[in-house]
Structures are given as structure tokens and as C-alpha cells.
Amino acid sequence: MDFLVTLFCRINHVLIQAPRRKQVPIAFAAEILEQRVMLSATLTVDSASVTVEQGETASNNGTYYEVGNNIASLSASIGTVTDNNNGTWSWAYNTTANSDENQTVKITSTDSAGLETEVTFNLEATRITAFMRVDNVIVPINDDGTIKNQDYFTVI
1 MDFLVTLFCR INHVLIQAPR RKQVPIAFAA EILEQRVMLS ATLTVDSASV
51 TVEQGETASN NGTYYEVGNN IASLSASIGT VTDNNNGTWS WAYNTTANSD
101 ENQTVKITST DSAGLETEVT FNLEATRITA FMRVDNVIVP INDDGTIKNQ
151 DYFTVI
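Read left to right, the sequence shown gives residues 1 to 156 (the UniProt record's numbering).
Hint data in this document are derived by calculation from the structure and do not stem from the laboratory. All residues carry an ideal CB built from backbone N, CA and C; glycine is no exception. Where hints are given, some of them may not hold.
The calculated label-pair distances, taken between Cβ atoms and stated as ranges, are [what the hints assert, rightly or not]: (1) 144 to 124: 44 to 50 Å; (2) 86 to 122: 23 to 29 Å; (3) 54 to 83: 26 to 32 Å; (4) 80 to 102: 15 to 21 Å; (5) 56 to 144: 44 to 50 Å; (6) 72 to 98: 33 to 39 Å; (7) 142 to 48: 52 to 58 Å; (8) 86 to 120: 19 to 25 Å; (9) 51 to 82: 18 to 24 Å; (10) 147 to 49: 40 to 46 Å.
Build out the structure end to end from the sequences listed, making use of the hints.
What follows is the structure in C-alpha cells.
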């Protein structure tokens, strides 16, 4: 949205030349300097960093404010950003298992005049540590009391 802002008023020149005790009309020119100012939206993010395990859905939220309420669009560098139509936005991204998805996510708002405002946050998708808990195991033991790595175990 643009606004007309008056910066200041400047008198260019005043010159008075008159004989004593005579009234002389004074004329001067004034110039008002104005500047159009484009105001962009304010965009915030709730969490500066989002951490999830690989394969989970990462999410974040934030707010936006645009003078005149003329946000034309919201976009995300990855994932999906949703305008909740109440001055807030929501973002979601489905991470995948066994991939390096640690990166900076950028949310961008664009108003009807084409002005963009950006906010960023960090995404970290941590590796899932695989483990198995077994309560009842039958393990074959060699005659010397050892277990070979290649021996098979029976889980009951």
C-alpha cells in the first residue's frame, strides 16, 4: 500500500528592497516536497527453529499484518503455507526418512502492489535411531560357551 507523506516545506527565496517608511508587498514562493512511501507487510514466525524426526510432519505458525489488508499471497520455499484469513498463517512439510532435510525455510508474503516481506526459520529433521527390545530369546550356545555373530536367535 502506498501513502503520500509530506516531508517538509521550504521557502525558496525572499527579497525585500524598499525605501524607508514605505510599505512594500512581499511575495514568495513555497515548495512542498512530498514523497510516496510504499509500506510492506509485517511477517512473524512463532518458532525460530523446528525439529522433527525424519518421516514426521514439521509445522510452524506465524502472523502477518498489512496496512490495508491487501496481502495477495503467501508462499514457502518448501512445504505448504496456509493463510488462515485472520492475520495468521500455518506451515507444514512432510519430511522423508533417511534424507538430509536440514535447511532454512523462507515464508514470503506478497501484497497487491508486488512488495515482498520474508521471514525465515530453521528446519532440522533428525535421524530415527532403530532398536528392538526382545524379552524372550533362545540363543544357541557353542560347546565352549560362546555365541557366534552369525548364529541365529529365536524370538518367542
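Comparing the hints with the structure gives:
At about 48 Å, the beta-carbon gap between residue 144 and residue 124 stays in the expected band of 44 to 50 Å. A hinted range of 23 to 29 Å holds for the C-beta pair residue 86 and residue 122, which are about 26 Å apart. In this structure the hint that residue 54 and residue 83 lie 26 to 32 Å apart at CB holds, the actual value being about 28 Å. A hinted range of 15 to 21 Å holds for the C-beta pair residue 80 and residue 102, which are about 19 Å apart.
One distance hint, 44 to 50 Å for the beta-carbon pair residue 56 and residue 144, holds here, with the actual separation near 47 Å. A beta carbon spacing of about 38 Å between residue 72 and residue 98 agrees with the range 33 to 39 Å that was offered as a hint. Evaluation of the 52 to 58 Å hint for residue 142 and residue 48 yields a pass: the beta carbon distance comes to about 56 Å. Distance hint check for residue 86 and residue 120: the Cβ-Cβ separation is about 23 Å, which falls inside the suggested range of 19 to 25 Å.
Range check, residue 51 to residue 82: about 21 Å between beta-carbon atoms, so the 18 to 24 Å window is met. At roughly 45 Å, the beta-carbon separation of residue 147 and residue 49 lies within the given 40 to 46 Å, and the hint holds.
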